[in-house]
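A.B. asks: The residues making up each chain are set out below.
2 protein chains.
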Amino acid sequence: MPKQIPDIVIGRLPVYLRALQQMAQEGRQVTSSQELGERLGISAAQIRKDLSQFGEFGKQGTGYNIEYLADQVREILNVNKVWDVAIVGAGDIGRALAGYNGFNERGFRIKMIFDNAPSRIGQRHGDFTIKDSATMKEEIRAAGIKMAMIAVPAAYAQAVADQLVEAGVKAILNYAPVNLNVPLGVRVLNIDPSIHLQRMTYYLE
Amino acid sequence: MPKQIPDIVIGRLPVYLRALQQMAQEGRQVTSSQELGERLGISAAQIRKDLSQFGEFGKQGTGYNIEYLADQVREILNVNKVWDVAIVGAGDIGRALAGYNGFNERGFRIKMIFDNAPSRIGQRHGDFTIKDSATMKEEIRAAGIKMAMIAVPAAYAQAVADQLVEAGVKAILNYAPVNLNVPLGVRVLNIDPSIHLQRMTYYLE
Numbered sequence: 002m003p004k005q006i007p008d009i010v011i012g013r014l015p016v017y018l019r020a021l022q023q024m025a026q027e028g029r030q031v032t033s034s035q036e037l038g039e040r041l042g043i044s045a046a047q048i049r050k051d052l053s054q055f056g057e058f059g060k061q062g063t064g065y066n067i068e069y070l071a072d073q074v075r076e077i078l079n080v081n082k083v084w085d086v087a088i089v090g091a092g093d094i095g096r097a098l099a100g101y102n103g104f105n106e107r108g109f110r111i112k113m114i115f116d117n118a119p120s121r122i123g124q125r126h127g128d129f130t131i132k133d134s135a136t137m138k139e140e141i142r143a144a145g146i147k148m149a150m151i152a153v154p155a156a157y158a159q160a161v162a163d164q165l166v167e168a169g170v171k172a173i174l175n176y177a178p179v180n181l182n183v184p185l186g187v188r189v190l191n192i193d194p195s196i197h198l199q200r201m202t203y204y205l206e
Numbered sequence: 002m003p004k005q006i007p008d009i010v011i012g013r014l015p016v017y018l019r020a021l022q023q024m025a026q027e028g029r030q031v032t033s034s035q036e037l038g039e040r041l042g043i044s045a046a047q048i049r050k051d052l053s054q055f056g057e058f059g060k061q062g063t064g065y066n067i068e069y070l071a072d073q074v075r076e077i078l079n080v081n082k083v084w085d086v087a088i089v090g091a092g093d094i095g096r097a098l099a100g101y102n103g104f105n106e107r108g109f110r111i112k113m114i115f116d117n118a119p120s121r122i123g124q125r126h127g128d129f130t131i132k133d134s135a136t137m138k139e140e141i142r143a144a145g146i147k148m149a150m151i152a153v154p155a156a157y158a159q160a161v162a163d164q165l166v167e168a169g170v171k172a173i174l175n176y177a178p179v180n181l182n183v184p185l186g187v188r189v190l191n192i193d194p195s196i197h198l199q200r201m202t203y204y205l206e
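Heads up: the protein sequence lines correspond to chains L and F, in order. Under the numbering used here, think of the first position of the first sequence as 2, with each following residue one higher. Under the numbering used here, think of the first position of the second sequence as 2, with each following residue one higher.
Because the hints were derived from the structure by calculation, they are not lab data. Incorrect hints may have been included.
No distinction is drawn between identical chains; accordingly, a pair holds when it is met within one copy or between any pair of copies.
Derived pair list, reagent style DSBU-like, types lysine-lysine, alpha-carbon separation capped at 35 Å [said to hold, decoys possible]:
#1 Lys-50 / Lys-82
#2 Lys-50 / Lys-4
#3 Lys-50 / Lys-171
#4 Lys-82 / Lys-112
#5 Lys-138 / Lys-112
#6 Lys-60 / Lys-4
#7 Lys-60 / Lys-50
All chains, please: the whole structure from these sequences, using the hints.
C.D. replies: Set out below in structure tokens:
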């Protein structure tokens with residue numbers, strides 16, 4: 002049985018990966034925990050400690066091979082393959098997500114977008130035709146989609162989450178400003194700008 | 002000197018506040034750490050421990066008065082007043098944020114939105130006229146704005162952050178998929194859907 006890694010460590014790995022991919026794009030080949038730490042505002046010791054939970058990725062004195070380390074982190078995070086993602090809600094946020102071009106090289110492909118408003122169903126948006134959320138459960142199950150983003154008004158979010166879970170979705174990124182109840186084995190992360198802003202005002206005068 | 006509270010505790014307070022506000026909207030007056038915990042998927046013991054860092058907010062056996070506890074948490078988080086917020090970037094995400102109606106009752110007021118594209122500058126969007134980012138530094142400083150959301154392409158985000166810091170901004174919610182370097186005393190939180198999705202794929206098959 003693999004050892005349990007704290008979720009806060011898991012949460013930093015995508016941040017490391019993003020920085021490594023950026024360095025690779027800059028044509029760089031080798032980096033160090035010091036340099037990564039300076040880019041990210043995280044101590045070099047923390048980065049070494051986090052990575053050491055998963056193995057030995059660098060040699061003392063020669064640093065990390067960027068491409069190799071990025072590949073390893075992708076493998077740890079299971080994004081060395083492409084995950085299909087469904088979006089529910091084709092309002093401002095849902096459409097912004099559908100049009101966001103930062104998913105593809107990071108392990109995700111937006112596959113479908115749903116809404117329940119007759120004025121939106123059937124409309125084109127970028128590469129997508131907005132689908133009727135009445136068919137959501139069947140379509141997501143048939144496509145074997147395991148990840149979804151909820152971008153519907155708060156009042157509808159729990160009902161949408163229930164349907165996604167029934168359809169086999171295992172991970173939900175929730176943009177609705179409400180807490181979702183899901184069964185064990187399904188993960189939810191919440192994005193609510195007010196929550197994030199309030200986490201910073203604590204530190205302000 | 003006040004004791005140092007771990008940031009992870011601070012990060013949960015806005016989640017508690019959101020649930021309390023929701024209960025108040027439902028017409029409820031009293032709750033318990035058990036009930037809060039069930040709504041949020043957090044243990045009752047954790048909630049009691051978090052709140053006890055700031056004082057005594059409930060009586061053993063009678064639970065918490067929702068209105069009172071919400072007021073206290075608002076005061077702790079400094080959102081018992083209204084913070085003006087500037088948005089930089091009037092693309093899909095910036096416009097979605099400008100139109101989001103979840104800020105007002107939670108301590109924030111979007112005050113200005115900036116872009117550098119001639120095709121956008123001067124356009125109306127909802128209640129806002131998109132302003133020229135060339136005037137951003139002066140306008141934000143003159144208005145005394147301390148909080149901003151960055152929703153520009155990754156390549157521009159650091160330059161925007163530098164200007165915001167010069168204008169006196171102390172807290173930045175960054176939607177650009179890139180890490181920002183800011184001086185001590187300025188806080189940044191990052192919202193990057195790929196980062197959040199990758200934090201969940203770790204746990205998937």
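A.B. asks: Next step is simple, just say for each hint if it's right about the structure.
C.D. replies: Comparing the hints with the structure gives:
1. Lys-50 / Lys-82: Classified as within; 26 Å inside a copy, 41 Å across copies.
2. Lys-50 / Lys-4: both (15 Å within a copy, 27 Å between copies)
3. Lys-50 / Lys-171: Classified as both: same-chain Cα gap 29 Å, cross-chain 30 Å, threshold 35 Å.
4. Lys-82 / Lys-112: Result: close within a single copy only, 15 Å intra versus 42 Å inter.
5. Lys-138 / Lys-112: within (14 Å within a copy, 40 Å between copies)
6. Lys-60 / Lys-4: within (24 Å within a copy, 40 Å between copies)
7. Lys-60 / Lys-50: Cα proximity of Lys-60 and Lys-50: one copy only (14 Å, versus 42 Å across).
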